[in-house]
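Assemble the complex: chain A is given as a structure, and chain B must be docked to it using the hints.
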Amino acid sequence: MVDGSLDALFRPRGVAVMGASPVPGKIGNLAVRALVGGGFDGPVYPVNRGGDEVLGKRGFVTIAEVPDPVDLAVVALPADAVADAIDQCAQRGVRAAIVLSSGFAEAGAEGVALEQDVTQRAVAGGVRLLGPNCQGILSLPDRLVANFSPSFASASEPGPVSMISQSGGYNSIAYRLGGLNGVRFSRIVSTGNESDINATDLFEFLAADDETRVVAAYLEQIRDSRRFLEVMSRLTADKPVVISKAGRSDIGSKAASSHTGALASSGVVGRGVLLQAGVLPARSVDEFIALLTAFSGPQTLARGSRVGLLSQGGGFGVETTDLCRESGLELPPLASKTVKALGEMIPYYGTSDNPVDFTAALMGNPAWLAETVHLLADDDCVDIVTLLLTASPGADAVGDLAAAVRASAKPVVVGWLGGHGDPDREQLHGLDIPTFATTLGLVTGLRGLATRGKRLLGDEFVGDLRPPRESR
Amino acid sequence: MSDAASVTTRARAIVDEARQRGQDALTEREGLALFAEFGVPVPGARLVADRDELAAAVSALRFPIVCKVESPNIVHKSDVGGVQLGCTSLEDVEGAFDAILAAVGEAVPDAHIAGVLLAEQVDGMAECFVGAHIDAEFGPVVGFGLGGIFVEVLNDLAWRAAPFDANEARRMIDDTLAVGVLAGFRGKPAADVDALADAIAAVSVLVWELRDDVSELDVNPILVGPVGAGVVAVDSFIKLAAPATGD
Chain A
1 MVDGSLDALF
11 RPRGVAVMGA
21 SPVPGKIGNL
31 AVRALVGGGF
41 DGPVYPVNRG
51 GDEVLGKRGF
61 VTIAEVPDPV
71 DLAVVALPAD
81 AVADAIDQCA
91 QRGVRAAIVL
101 SSGFAEAGAE
111 GVALEQDVTQ
121 RAVAGGVRLL
131 GPNCQGILSL
141 PDRLVANFSP
151 SFASASEPGP
161 VSMISQSGGY
171 NSIAYRLGGL
181 NGVRFSRIVS
191 TGNESDINAT
201 DLFEFLAADD
211 ETRVVAAYLE
221 QIRDSRRFLE
231 VMSRLTADKP
241 VVISKAGRSD
251 IGSKAASSHT
261 GALASSGVVG
271 RGVLLQAGVL
281 PARSVDEFIA
291 LLTAFSGPQT
301 LARGSRVGLL
311 SQGGGFGVET
321 TDLCRESGLE
331 LPPLASKTVK
341 ALGEMIPYYG
351 TSDNPVDFTA
361 ALMGNPAWLA
371 ETVHLLADDD
381 CVDIVTLLLT
391 ASPGADAVGD
401 LAAAVRASAK
411 PVVVGWLGGH
421 GDPDREQLHG
431 LDIPTFATTL
441 GLVTGLRGLA
451 TRGKRLLGDE
461 FVGDLRPPRE
471 SR
Chain B
1 MSDAASVTTR
11 ARAIVDEARQ
21 RGQDALTERE
31 GLALFAEFGV
41 PVPGARLVAD
51 RDELAAAVSA
61 LRFPIVCKVE
71 SPNIVHKSDV
81 GGVQLGCTSL
91 EDVEGAFDAI
101 LAAVGEAVPD
111 AHIAGVLLAE
121 QVDGMAECFV
131 GAHIDAEFGP
141 VVGFGLGGIF
151 VEVLNDLAWR
161 AAPFDANEAR
171 RMIDDTLAVG
181 VLAGFRGKPA
191 ADVDALADAI
201 AAVSVLVWEL
211 RDDVSELDVN
221 PILVGPVGAG
231 VVAVDSFIKL
241 AAPATGD
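Chains as they are written, first to last, in this note's numbering: chain A, 1 to 472; chain B, 1 to 247.
No lab work stands behind these hints, which were simulated from the structure alone. Don't be surprised by glycine CBs; every beta carbon is placed ideally from N, CA and C. Wrong hints could be hidden among the right ones.
Sample of chain A residues lacking proximity to chain B, with all beta carbon distances greater than 10 Å (derived) [what the hints assert, rightly or not]:
id : residue
1  : Pro67
2  : Gln221
3  : Glu319
4  : Asp422
Per label pair, the in silico range of CB-to-CB distance [unchecked claim]:
id : chain 1 : residue 1 : chain 2 : residue 2 : range
5  : A       : Arg325    : B       : Val227    : 22 to 32 Å
6  : A       : Arg325    : B       : Gly184    : 15 to 25 Å
7  : B       : Ala190    : A       : Gln427    : 50 to 60 Å
8  : A       : Arg226    : B       : Ile149    : 27 to 37 Å
9  : B       : Asp212    : A       : Arg406    : 30 to 40 Å
10 : B       : Gly44     : A       : Ser233    : 33 to 43 Å
11 : B       : Ala242    : A       : Arg227    : 19 to 29 Å
12 : A       : Pro347    : B       : Leu154    : 43 to 53 Å
13 : B       : Arg12     : A       : Ser233    : 25 to 35 Å
14 : A       : Ser233    : B       : Ala242    : 28 to 38 Å
15 : B       : Pro189    : A       : Val112    : 57 to 67 Å
16 : A       : Val112    : B       : Leu177    : 24 to 34 Å
17 : A       : Met363    : B       : Gly187    : 49 to 59 Å
So that you can see chain A by itself, here it is in the shape it has in the complex:
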């Protein structure tokens, strides 16, 4: 039931901030600052008791006085003032409200009653409610930053990944860690207590959202799990979905329930159910970022589990080979014409079959990179091309490499070890080619691509993909 009611949340024409404050550091100030700093191109209306101006924006005493258009309200008021604010939103015709305020179901019996009251008023008044007790949203294609976390103070260009989280902090950190790998985001939502809009509603929205190519989520409790399964099965058939589901261990579950007032599910069951729905489960934020990095590339459909690995020498090619094998991935011999062509470039002390070792001679011949990507992309023995860099090949080679990656019909995965802060790596990211910083992250990404390929292609998928096992 995509009824368009969440449009007001992601694509409002104007936004009011209720509880907007001129005092720096207050949440009601941070919220206005985020909206203005994010470059939202519609009107932003501070609303507060004194009608005070905030950050150069004219203030209003009540939302009733705010001129059109105003589709969304960001509520940064004390918990006991929220019910009244929601009523005012309903009267004003505001269609969605983000309630940042805490002091609801997460705060005991009185909070539960308060939350029920607020939610009933929102539903009765036709206002969709996000939260309470949430950090807000980003809708980067619409330059909307309705989130008070300073992590999003420098909103990046929009990208393919939309992220839903039951922990606001998870969004902030995944956004920053993902950014380091060149992962860029589209919509980011902190759901808080989910008294009205829950994660499944948002998954349903994202399924139909043209600005979202990849979906990511951190979940502690799945409400209405049968509907979740149904929505998720449809979503994963179309878009890759990466989920970190907390509370796998006994103690982890307790931490989760004290965190959101949610009863987290037992152990491995959640992981199995995610697999059933076609989700790529992540056990940690490391795996989460690795999978998002892999699925942010221009081509993500792996037709088999056969990896063609190219490295620049050193132990990392060997280490990555070992990790691939332990992850159930194959590194088959390359087609003879590929080996021959590589043999003509690579020095005799390198290796021109899989895993290919360019040796440090690559540094003097950076054009080999793009050329080799073309060779492997055309080799029928390879399903995923993997490039492992340990130094920059230079700005020109990066441009050619990006073009070669985009031209490939197969996924091309790039590792750039030790490249933090390297402007050439940033340049590659700017050309929409994300990169991995570690071998384990890279192989997690490869495994994810193969897992999804097998899921989508079934018997057409080349090679088998056994459960990952560490060598003993």
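Structure of chain B alone, referenced to chain A:
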């Protein structure tokens, strides 16, 4: 009434009868009957209350035969001398029948004994486990892995929300260490994974249809034969849910 609906109706009748007798779990025979309704393969079996009926029962079965006490009051049958394995003749079966009644009569004198269940003892090349319970978050869920003691030792079960089809069951198998054992090794043939997947899917339909009646279930082991030979649910335990009030 559709086939599926009549299966569920008959299955619920088995559960209701057991409840009316005050049971909180199904007996061996009732469990086999329930599985058979949903298409989970079970061994050939006969319940014998009277010693004189043993010959007729044995003639309908294949040796070797395993004898188990049938009682709504006894869950751990082997703990009270209620199980005799490997009977290869009528004389063996008669001896087992007498021994079981004597041992159980001494160990649990108050138990109601419905008789002794004679079941064909089957061999498989792999022992697997299928279990189910009602998860607080996901409702009825089914777990699969290697059976016997490996359930505890390996902690390697794959879980799914019921119900699901054989393709999903196949993916569950692929997610566990069982996949290596079932593929065949050291000259052993590959196991009948298709039949196993069908059986796991059938259990998932059972626990979904009976989600208000069955609170826990496990089959350990379900024996898997070589390709084409199928599977058999040998030993099972089915715990009933407390009846819904006002039902």
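Now for the hints, and whether the structure bears them out:
| no. | hint | result |
| --- | --- | --- |
| 1 | Pro67 | 46 Å, holds |
| 2 | Gln221 | 7 Å, violated |
| 3 | Glu319 | 25 Å, holds |
| 4 | Asp422 | 39 Å, holds |
| 5 | Arg325(A) x Val227(B): 22 to 32 Å | 28 Å, holds |
| 6 | Arg325(A) x Gly184(B): 15 to 25 Å | 22 Å, holds |
| 7 | Ala190(B) x Gln427(A): 50 to 60 Å | 51 Å, holds |
| 8 | Arg226(A) x Ile149(B): 27 to 37 Å | 34 Å, holds |
| 9 | Asp212(B) x Arg406(A): 30 to 40 Å | 55 Å, violated |
| 10 | Gly44(B) x Ser233(A): 33 to 43 Å | 39 Å, holds |
| 11 | Ala242(B) x Arg227(A): 19 to 29 Å | 27 Å, holds |
| 12 | Pro347(A) x Leu154(B): 43 to 53 Å | 48 Å, holds |
| 13 | Arg12(B) x Ser233(A): 25 to 35 Å | 29 Å, holds |
| 14 | Ser233(A) x Ala242(B): 28 to 38 Å | 32 Å, holds |
| 15 | Pro189(B) x Val112(A): 57 to 67 Å | 59 Å, holds |
| 16 | Val112(A) x Leu177(B): 24 to 34 Å | 44 Å, violated |
| 17 | Met363(A) x Gly187(B): 49 to 59 Å | 52 Å, holds |
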